[in-house]
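Colleague: Fit the two chains together into the complex; they arrive one by one in their own frames, and the hints show the way.
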Amino acid sequence: MAEAKMNTEQTALIKIEGLYKLFGNNPKKFMPLVHAGKSKDEILAETGHTLGLKDINLTINKGEIFVIMGLSGSGKSTLIRHFNRLIDPTEGVIEVEGTDVMKLPQKELEQFRRHKMSMVFQRFGLLPHKSVIDNVAYGLAIQGVSKSESGAKAKEWLKAVGLAGYEDQYPAQLSGGQQQRVGLARALCTDAEILLMDEAFSALDPLIRSEMQDQLIELQEQLHKTIIFITHDLDEALRIGDRIAILKDGEMVQQGEPEDILLHPADDYVEAFVRDVNRARALTVETVMKDPICRITASTIEDALKQMRGFKEDYGYYVNDEGYQGVVTEKKLQAAYDKDRQAALTAEHCEALDAISQDAVLETVIPDTLNSEYSLPVVDDEGEMTGQLSRSTLAEVLGNEEPRSR
Amino acid sequence: MADSGWLSEIPQLSRGELRDIRKFLDTGYREFSREYGEMIEGFFDPLLSFLVWFEKLLLATPWWLIIAIVAGLAYLSSRSWKLSLGVVISFFLIGYFGMWDDTMRTMSIILVCTLMAIALGVPIGIAMARSDRVQSVVTPLLDIMQTMPAFVYLIPVVMLLGIGKIPGVLAVVIYAIPPVIRLTNLGIRLVDKDVLEAATAYGASSVQRLMGVQLPLAMPTIMAGINQTIMMALSMVVIASMIGVKGLGQPVLKSITNQYFTLGLLNGLAIVALAIIFDRVSQAYAKRSQRYLEGMDNG
Chain Y
1 MAEAKMNTEQ
11 TALIKIEGLY
21 KLFGNNPKKF
31 MPLVHAGKSK
41 DEILAETGHT
51 LGLKDINLTI
61 NKGEIFVIMG
71 LSGSGKSTLI
81 RHFNRLIDPT
91 EGVIEVEGTD
101 VMKLPQKELE
111 QFRRHKMSMV
121 FQRFGLLPHK
131 SVIDNVAYGL
141 AIQGVSKSES
151 GAKAKEWLKA
161 VGLAGYEDQY
171 PAQLSGGQQQ
181 RVGLARALCT
191 DAEILLMDEA
201 FSALDPLIRS
211 EMQDQLIELQ
221 EQLHKTIIFI
231 THDLDEALRI
241 GDRIAILKDG
251 EMVQQGEPED
261 ILLHPADDYV
271 EAFVRDVNRA
281 RALTVETVMK
291 DPICRITAST
301 IEDALKQMRG
311 FKEDYGYYVN
321 DEGYQGVVTE
331 KKLQAAYDKD
341 RQAALTAEHC
351 EALDAISQDA
361 VLETVIPDTL
371 NSEYSLPVVD
381 DEGEMTGQLS
391 RSTLAEVLGN
401 EEPRSR
Chain H
1 MADSGWLSEI
11 PQLSRGELRD
21 IRKFLDTGYR
31 EFSREYGEMI
41 EGFFDPLLSF
51 LVWFEKLLLA
61 TPWWLIIAIV
71 AGLAYLSSRS
81 WKLSLGVVIS
91 FFLIGYFGMW
101 DDTMRTMSII
111 LVCTLMAIAL
121 GVPIGIAMAR
131 SDRVQSVVTP
141 LLDIMQTMPA
151 FVYLIPVVML
161 LGIGKIPGVL
171 AVVIYAIPPV
181 IRLTNLGIRL
191 VDKDVLEAAT
201 AYGASSVQRL
211 MGVQLPLAMP
221 TIMAGINQTI
231 MMALSMVVIA
241 SMIGVKGLGQ
251 PVLKSITNQY
261 FTLGLLNGLA
271 IVALAIIFDR
281 VSQAYAKRSQ
291 RYLEGMDNG
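Protein chains in written order, with the UniProt record's numbering: chain Y, 1 to 406; chain H, 1 to 299.
No incorrect hints appear here.
Computed list of lysine-lysine pairs in DSS-like fashion (alpha-carbon distance at most 27 angstroms, straight line): (1) K193(H) x K107(Y); (2) K193(H) x K248(Y); (3) K312(Y) x K290(Y); (4) K287(H) x K130(Y); (5) K147(Y) x K116(Y); (6) K193(H) x K116(Y); (7) K193(H) x K130(Y); (8) K147(Y) x K130(Y); (9) K28(Y) x K40(Y); (10) K290(Y) x K331(Y); (11) K103(Y) x K193(H); (12) K130(Y) x K159(Y).
Selected chain Y positions facing chain H (in silico; Cβ < 8 angstroms): (13) L86; (14) E110; (15) Q111.
Quick caveat, the hints were computed from the structure, so don't treat them as lab data.
Bear in mind that the values here come from a model prediction, so they are computed numbers and not experimental data.
Virtual Cβ for every residue (Gly too), placed ideally from N, Cα, C.
The shape of chain H in the complex, shown without the other chains (with noise of 0.2 angstroms):
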């Protein structure tokens, strides 16, 4: 009878064994970032000296200047009144509910976020689409990075570098990329195989190719990917704020654990609000970068 146990329980390993592999890898990787935990936080100063700056700049810049600049970048990429309006509206109820300092932290990360995601995520996008082999190694660390819980990838990059932004950024950053990454992909695949043909027929070199027709063309599809990491940017912001990352997370954080509703409900808002503008400013400067799609229907 003992010996088809198996079939009525899943065999196990034992719990001693369990153990040994958790203290391996435990001590494993608590060596490896004792070793290294210098050298690799070494390796990110540069980055984290670049966003205290930034963070500080912001912080330092009068209020109008600020509201000016956003609203003035709003119109520039959608020529829209309404638009530019709606960001000075907004900015102003934000500061005006004492929230300004903790916006212009949340709005620095995330703009060095969405950055370093966009710089790494288009070429390794790029980089997809031009092979399969790629492609079929990417994908599933991509599947990984977007369902793994935030807080498990969290644990070692904390073992690692501590409590502070560049664990923050780390994580953001994990988080929001993979959009950029499978839009890149996907929207250069998608490029019509006559246009890059004719492209090869008059001796446009790769390169040539890759900028002057799949690049511009999959940029719609970019675009959308690069929406889209900054909205989950933004939705990061609360997780990041447990491990140390100031701006408008942690009031969230306090007002879950103290239950203070209002709190909560305003710097909710500002995250919206925050959302709403950088989602409406990129598309709309998606849109009248593609003005040539104009006038498709009717050809």
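Same shape as in the complex, but just chain Y (with noise of 0.2 angstroms):
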């Protein structure tokens, strides 16, 4: 996506380098097992310790949703609670902003902690005995801001994530999906930049999740925090994620832009996550069109011919400096050239056929793909062709099969 691409260019605002957590009595003892490179199992069977990370290296760039995924067990909330050290790594190194949070001492850590990151926890983890504006406000009352400064300010956020009202209710007067909301409004209130979002959503029923998801992403246009955010759904991660990670058994095995994951699935685990997942709702048709191959760009109607004869097809588009035209068939150009071989190629010539937006989701254009005898041209934002879509590109991405590699 155009989005993940802008990120890529910025600067990296959390690196993880390293990090291994062992679990146990005595994990510093039995690192040396771990960098033996024996198996989450076989350690545990030796030493009763639990392997929980292995030999994590992540960078996240400031202002994007990175998604860490995972099935239960793979280790992605504890990893997620290494970013403010609710965990401490058994070896490895965190920074943030180019602080190595590892050396905070407690003093700072807590700073650290109130400023810089706000949390969202799956079980929603609120105050049941505070007020629903209390515990919005909770994170600068820690703060030590005043009352009514922060109780102003915690209003604003009930409001933005669709509370208002709720102000003096206790949170076990409110629904699941409410208090996620709460949980939400106390993560925003603080102005972190950086948010931490452990399963968020999970226990949300389904539909109450995509309308949270739709907030979150809502949210995140304008404010453009950093986000981590832990999943074990794909789906969720496909649709939020600016970029994925995806951990098993603790360790990573795969990282990148959501089209990669899917097109490219490193191993059998990914692909098996990979297989269930709906590709005409999770990729755009920027990610599986075609280059551009069949663009006629000539001027008179002899070139354009010539052009069309370097085709497999026989049809092209044409493309002049405003961008993309039509659609111009061989024969259509062949009558024009008996009439007249040095004519200039117009518009004219052209059938009108709508191009598709190279950010449309799949699952849009199927319909017209289909009722096409062309491959659609594919246009960005400037009205520019940059591919073309045909049916069985379609047919080869959502069938079944990976579509790559077999």
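Modeller: Put into structure tokens, the structure is as follows:
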């Protein structure tokens, strides 16, 4: 996606290098076993220690939504708790904006947690004895902000997540979806740059979940936070993630943009994930379209015909300085050629054929693609032709078979 | 044969050895109390003068004012007219049957003991909740305090401090403090880990976590402990009266030794009335301060 490409040029905000976590009584002692490459099960059998994370390396850029996904037990919740040191790693470096979080003393760590990061939890983690407004203002209250100021801010955020009027309720009086909105408002209320979301929507029913996803994407468009999002649901990951990292048994299996993961799964584990995904909904036209070979750029009929003879197809897309104009068939060109071979090629020689946007989700272009006898031209925001999408490409991508490797 | 005697009979210290040990400990303690008794008594002097002052205050206050105050407190904490009316009637009856002064004395000492138990017990409970090591040390001590017959620890206390209010207060506090310690510890340990983690994630310091999350969420449990402590303190009134604590316990003691059935019954009922009032009022207060728990079920 264009957005994602922009992000790669941006500065790295969080860097994790060589992160290991071994759970148990004396993890340091058994680290050599881990480095020797023993598996999680072997280590557990030999030492009684559980390998939580193994050699995690990550770079998260400013302003992106970075999704960490994996099944339960894959270490994703352990990993997210390392960002704000709710869990201390056994080995490794965690850097946020150049600060080594591991070296922060307790007081500074508290300041770091107050101002740099806020967190949304799977089971909400709301304070049951405080009203909704006090829950939202909690982060500010911890910082020592005055009650009137934090209350006003909390009210604003409560409104932003659509819960105005619920200020004086207690969390137990709200539904799950509403409680998580409170959790989200609480996280946003501190203005922290980084948002950690630990399976934030997993406990919600599907309808509410997709509602919350939309809301998150909407908020992100205005706020440009750096969001680290944990999920076990690939559909969710693909929907909101700019980049995705996949964990398995504490190891990073694959890291990349959603399309990469979907089209080039690194191993069987990822492939098994990917198989169940609704690709028509997850992929955009841009990611599957073919290069625009059948492009006719000539200015005269004669040149155009020559150009078209070079193609496999008996039609082409007429493109001039103003971008894509329409489709020209060989038959029509031949007729024009017979009349006046030197005449200028104009839009009049074209048949109208609506182009599709490269940002469109595949699902939305399926009918048009199937109904058209030609491959559909794909254009970008400026109307420039960037590719073409044929029925066969669509069938190949949406079919159950892995498209490239087989 | 003599060699295998230990099989049929448990090996035992000889009488002489046992006597020596007893003598050693007894004289040692006697010397200790002679040496430091006065100093320790001096240490408790402020408490004693407070006790005396508080008792005098309750005795000097007109009866109708006491009833009004207690009924008012009952109403404030429970918002229930029924409870307040019950308080008025029972206090009036207590006075009518001639037990007013003793009841005031008992009330003063119970209030002081309860406050002391809370002031000491809650911090100890917090320390236990924060450290497994403290817990493993304090738990057996609590077991001893709860099961050791009160008379056993009354002996050294009386030896040290003589007969009177202070040893009585100590005995009552020792007996009554375990529930508030145990339940404070339990309440804090049972606080939802997710909520605590959320507080940590937002940068709460350990004091902020304790005051803002752990104590408020443990409060229902702690209140149950305080309630138990009050009940146990009241049940110690009779034993405390044996070492010279005045109050409702003394007439009970007198009626046991002289077989005055009615006297015993009336004073016993007065203790029960006090217990019920304390219990209902503290429970109603606890419930009202946990309003957020309402609607927990339909969430």
